[in-house]
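Letter by letter, the chains look like this.
Protein chains: 2
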Amino acid sequence: MLTLDDFREIIPDKKLSEIYQRASKLYNKSIVHVNATYQGGGVAEILNSLVPLMNDIGIQTGWRVLHGSLDFFEITKEFHNGLQGRDIDLTEEKRRMYMQLNGNFSAYTHIEHDCTIIHDPQPLPMIKFYQKHGAWIWRCHIDLSDPNATLWDFIKGFLIKYDMTILSSEQYAHQDLPVPHRIIPPAINPLTMKNKDLDEDAVREQIEQAGIPTDKPVITQVSRLDPWKDPEGVLDIFKLVKQKVDCRLLFCYNLAADDPEGLRVYDHICQRAQEDVERGDIIFVEGNQETLVNAVQRFSDVIIQKSVREGFCLAVTEALWKARPVVASNVGGIPLQIEDGVSGYLLEPHDLHGFAERIVHILENPGEGERLGQNARETVREHFLITRLLTDYLDLLHQVVNH
Amino acid sequence: MLTLDDFREIIPDKKLSEIYQRASKLYNKSIVHVNATYQGGGVAEILNSLVPLMNDIGIQTGWRVLHGSLDFFEITKEFHNGLQGRDIDLTEEKRRMYMQLNGNFSAYTHIEHDCTIIHDPQPLPMIKFYQKHGAWIWRCHIDLSDPNATLWDFIKGFLIKYDMTILSSEQYAHQDLPVPHRIIPPAINPLTMKNKDLDEDAVREQIEQAGIPTDKPVITQVSRLDPWKDPEGVLDIFKLVKQKVDCRLLFCYNLAADDPEGLRVYDHICQRAQEDVERGDIIFVEGNQETLVNAVQRFSDVIIQKSVREGFCLAVTEALWKARPVVASNVGGIPLQIEDGVSGYLLEPHDLHGFAERIVHILENPGEGERLGQNARETVREHFLITRLLTDYLDLLHQVVNH
Chain A
1 MLTLDDFREI IPDKKLSEIY QRASKLYNKS IVHVNATYQG GGVAEILNSL VPLMNDIGIQ
61 TGWRVLHGSL DFFEITKEFH NGLQGRDIDL TEEKRRMYMQ LNGNFSAYTH IEHDCTIIHD
121 PQPLPMIKFY QKHGAWIWRC HIDLSDPNAT LWDFIKGFLI KYDMTILSSE QYAHQDLPVP
181 HRIIPPAINP LTMKNKDLDE DAVREQIEQA GIPTDKPVIT QVSRLDPWKD PEGVLDIFKL
241 VKQKVDCRLL FCYNLAADDP EGLRVYDHIC QRAQEDVERG DIIFVEGNQE TLVNAVQRFS
301 DVIIQKSVRE GFCLAVTEAL WKARPVVASN VGGIPLQIED GVSGYLLEPH DLHGFAERIV
361 HILENPGEGE RLGQNARETV REHFLITRLL TDYLDLLHQV VNH
Chain B
1 MLTLDDFREI IPDKKLSEIY QRASKLYNKS IVHVNATYQG GGVAEILNSL VPLMNDIGIQ
61 TGWRVLHGSL DFFEITKEFH NGLQGRDIDL TEEKRRMYMQ LNGNFSAYTH IEHDCTIIHD
121 PQPLPMIKFY QKHGAWIWRC HIDLSDPNAT LWDFIKGFLI KYDMTILSSE QYAHQDLPVP
181 HRIIPPAINP LTMKNKDLDE DAVREQIEQA GIPTDKPVIT QVSRLDPWKD PEGVLDIFKL
241 VKQKVDCRLL FCYNLAADDP EGLRVYDHIC QRAQEDVERG DIIFVEGNQE TLVNAVQRFS
301 DVIIQKSVRE GFCLAVTEAL WKARPVVASN VGGIPLQIED GVSGYLLEPH DLHGFAERIV
361 HILENPGEGE RLGQNARETV REHFLITRLL TDYLDLLHQV VNH
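Here the protein sequences come in this chain order: A and B.
Residue numbers are given in the working numbering: position 244 of the first sequence equals residue 244, and the series is strictly consecutive.
Residue numbers are given in the working numbering: position 269 of the second sequence equals residue 269, and the series is strictly consecutive.
Think of the hints as simulated: they come from the structure by calculation, not from any bench.
Hints should not be assumed to be uniformly reliable.
Any copy will do: because identical chains look the same in the list, a pair fits if it lies in one copy or spans two.
Each computed BS3-like pair below joins lysine-lysine, with the alpha-carbon atoms no more than 27 Å apart [unchecked claim]: (1) K29 with K132; (2) K244 with K77; (3) K196 with K94; (4) K156 with K196; (5) K239 with K14.
Computed from a predicted model, the values in this text were never measured in an experiment.
Taking the hints into account, I'd like the entire structure generated from these sequences.
Here is the structure:
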């Protein structure tokens, strides 16, 4: 089991001690997190680390996962995209199914906790099915600055009953938020299979086992297969880079249980990149083996993140923690993590030539990649590890639970 | 939300009233069910109906789903098969992963209920991670009469801490059960999308939408794609039947989230039956659309269940409830449900010619199918509906909670 003591090799003792002291004021409180999946996606990863740690430091913290269905997740995926501004046909049937599944789940999920933390839109309506016994927090990982208007009005109908919203960044806040909000950026756990240190031999063993040739430099994008991640743009950039430096592109893709759209995007990309795939210059790596993802990131000469829109983007955080040079779009949470030219490179999403140029520059100047990577790692240590996230949650709980 | 009152059209008021009265003695008690998946497979189906009903009649009943991983489910699938007698290499690594995942889940799953009901082997070790505050029941849906000996000894190490085991049939009991056991056969909910009445037009609409031709009689097996269900034997029987009566075979298959082996079996069957599939005489129907499964069962002239070994076999129960003639192997829970020649036909699993003969007989004599089907439906109404299961659970809870 993960314990706070495990972080002594990474975090100064003084900071760990401060966490224990914060926890001591919450010993008789009970907390529960609710989200939509226990594996796949950034929220599940965070909860897999955060929830055991909260229990380890003495706060009784439960974790419930909504019992979704494929139909339901199709709808909530649309909501996710709609909150990011895409059009949505918000039919009566969709509203009804969204409510009904939450109602059914609530009927046998007994929540009488001092604080209930609801993650993202999927379980948002649960609050309608309870008498409030304690504070309810909506922890939204999505950029809410410019949502579809009809959907926003619908979502707000649930939000008004909450005590607070947590967002990843001030710039994600909708101007019409009906409840107070607080900024808590997400974070990664440096001790998971996906992030823990691997020596060079272990990396090479993973790469060879996965059948990835080691004869050329490697560029990698790690992401869900989502139009927002622009895998097609990644292909275009790769073709530009290849005109200057012979190299290989890896798509390390991750299909989450609540992401049926991903299957469709995968098919489309495979079709467009068929020739490159057959030549072995583009390789798809399944991202469900955490140690392999870890090795792929460490083995990559450059990590690319060509998103057109992002939440916080933990894939970037993971790459930065591994001291990799990251060339990424200047969108969502990415500029909160990368200082351009210092700890990576930022580009406008449409600037394919700019992306290609920076990647070629790093491939031709390994010292440059080294410098960016070291700065990147220290940024993550300071701001984006799970211990900082835990501290922020404790501060939040003091505010909403102990008044 | 499902309520007990919804059953008035199916169950006599007197029986419903008895259920309410039994519940009244448990009003101040809290119960929790734990299993491995919230969709896919018979256990999830039962809990999706049973848990809301228990809450509806006033018993606070939670439902927790173990946060499994693909690796974990590979192991527990082996355990399932091993408990049914297959060889298993019970390595230290498998024991460790089995324990670790249960330990991690237990760390944030706070169980202080009056009764905890653990379903099947996946969450069985949880009991090791708690101080007991109330009764713990292991509800095992697997035939335990002849398990792999090493595995049985390992499983028994957890079982000894339980207060009781529930089995589906007396014949599933291992002679060396270390705790008292009680027999509660499983049951179906007649009001789900999969089982509710559909008129002829609705059936035909579903069948046509699924692209199933309606020009020939239809034989169907509804099952997971599991060697125990012997889909290859079904193919052999189909070929024998076709020598006498032109007809079509449907495999209505269901892949559960905790069943990675199913994917492999599917590929193998598709390969062996390739020609028949291309000719359109064998059709695979995905079983994840409940209304379609319902329609397929109702549209079938004969339902076959060619298992070589079975748990209780709810697929048979569903077919019987739809007043279908079922031709099935005389194994597991099937003979508890079908009286040979009265409410269906029973055959030894190896008797391919016997299966074919009975199927031909029914196809050539529709009145015979009608007679068997009506008897089948009344058997299910009396013994295998969710209301009977609920009654049995209430009796059990009186025994273990109110002493």
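Now the hints, each set against the structure:
no.	hint	result
1	K29 with K132	both (15 Å within a copy, 22 Å between copies)
2	K244 with K77	neither (39 Å within a copy, 51 Å between copies)
3	K196 with K94	between (41 Å within a copy, 23 Å between copies)
4	K156 with K196	neither (40 Å within a copy, 36 Å between copies)
5	K239 with K14	neither (49 Å within a copy, 75 Å between copies)
Checked against the numbered hints listed earlier, the structure breaks hints 2, 4 and 5; every other hint is satisfied.
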